[in-house]
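Student: Residue-level listing of the chains:
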Amino acid sequence: MGTRIRHAAFFGLIAAAAFALLGRPAAAGGFGSVQLNWKIVPVVKLALTPNYASGFGPQGGVGSGSTPAPGSGAVLDGGVVDFGNQVVQGYSYLYKYAVQAAVQTNDSNGFTLFAEGSSNVIDTTSGATYPLNQLLFWLPSSAANSPFSSATPFQVTSGTPGCAGACITYSGNPPPTASVWSYPSSTLSLPGSAATQGFDYQLRLFSSPPTDSFYVYIVYTAVGN
Amino acid sequence: MRKLAIVLASLAIVVGVCSQARAFTVTLSTKQIALTVVVTPSPIVYVPEQAVGLTHVAAPSPRVIADREAFDARVRSIQFLDSTLAYDPFSLGDMVAQTPPQGSVKVQFTVKLDPTYQYFHLIPKTSTLNAGYGGNTFTCAFEVFAYYPRTWYVTDDVYGSNTSGGTAGLNGFPTYNYPTASLLLWLAEGNTTSFAAYANGGVNQTSFTGAAGASKTVCIDLSLTVPNSVAAGSYPVTLNYTLSHS
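Chains as they are written, first to last, in our numbering: chain A, -2 to 222; chain B, 39 to 284.
Going by beta-carbon spacing under 10 Å, a handful of chain B positions derived as facing chain A:
hint : residue
1    : Ser67
2    : Pro138
3    : Val143
4    : Gln146
5    : Thr148
6    : Phe158
7    : Phe180
8    : Tyr197
9    : Thr205
By construction, these hints were calculated from the structure, which means they are not laboratory data. Glycine included, each C-beta is placed from N, C-alpha and C at the ideal position.
Between the sequences and the hints, there should be enough to build the whole structure, so can you do that?
Tutor: This is the structure in structure tokens:
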């Protein structure tokens, strides 16, 4: 009985739908318009090239008795920024052509590139950390740069480091103080559709950290404006 | 021939005396410290009166206002209907979540021992001196540690300064180069009582001294008066400190 009622209700619905579709009178002639809006999602791509030009590597330390040279981790167009093992406590060094950033974007307002350390500088033996903003500095690449040129200290992120220090998760954008480069327009008209900027690094060992090996990751983040 | 021998003997004596005098002072080590002076503009910005103009904008007519209100009402009703759609990207306020691209660079180095560290080193406290226009004082901007078994003294001067105009990129504001006096002044706490301009003519000056076998760690206070003629921005400062002993 119940099943029969359910079947009747089902066929009734089918009939009603068919009537609605087939028996609907033709609409009177008319017209309308609709405005379509769409937003093209800005795309930002980032590529980093360490040791991006021949002649890369550390210089400076005059008076220390040691001549700095790139460590084995540094290779042209790759590897790491390796100041080597001839940097001396108390002296200052400039690492030429440390990294080049290439950014592509279709954002008409351009982009901003941020850079922060995922941690302080880490002693590979003891695990102790030393203030990043007293040791490592950045400045745009220029032939006139020296170990004593005006440079900006890298800061440790307040975001959440991940990927063993190689990435940072931000809630929102990185802080404005971490901005290292800003570009005001789309890069599509540029060669390779990319804007490029090279950076030199300064290692200032004035605080005379212990004689040991150290490392830190500098994480770059590109954000459309 | 005899006269020549006398002259040569005299020259030998003079050279010997000079060499001995030089031997009285031994420079053990020179260290640099680099700071960046950041001059920030005054928060009060003077705007010339003529630069501030009023632009007359005609008020819209009542009909324009009515049309606009009707249009806005229609838009609101359309948006209300749109909100019943299962997916409406524009209801997100044009915000589209995306993860900004990232890349990283590993920086590594191995520090080598400074053999003179036990006798002489600088202890930085900051790398940036934020200065406003007018007078600024930076208490204990950095420290200098010095020690030697013999009587010793520490001198300072501006890195890169010389008698031929200084070094490009190093001897501008605020330390300049002789004959322009340095605007950056120093005071060695507990050792000097007034601020003195950094020597910037290729000759250093005594900062403080110590007895044989006694060590000192001295705070260096800095003073800087920024004139209005200097543009806001960042300026590098590199200072030399040298330890010598008798």
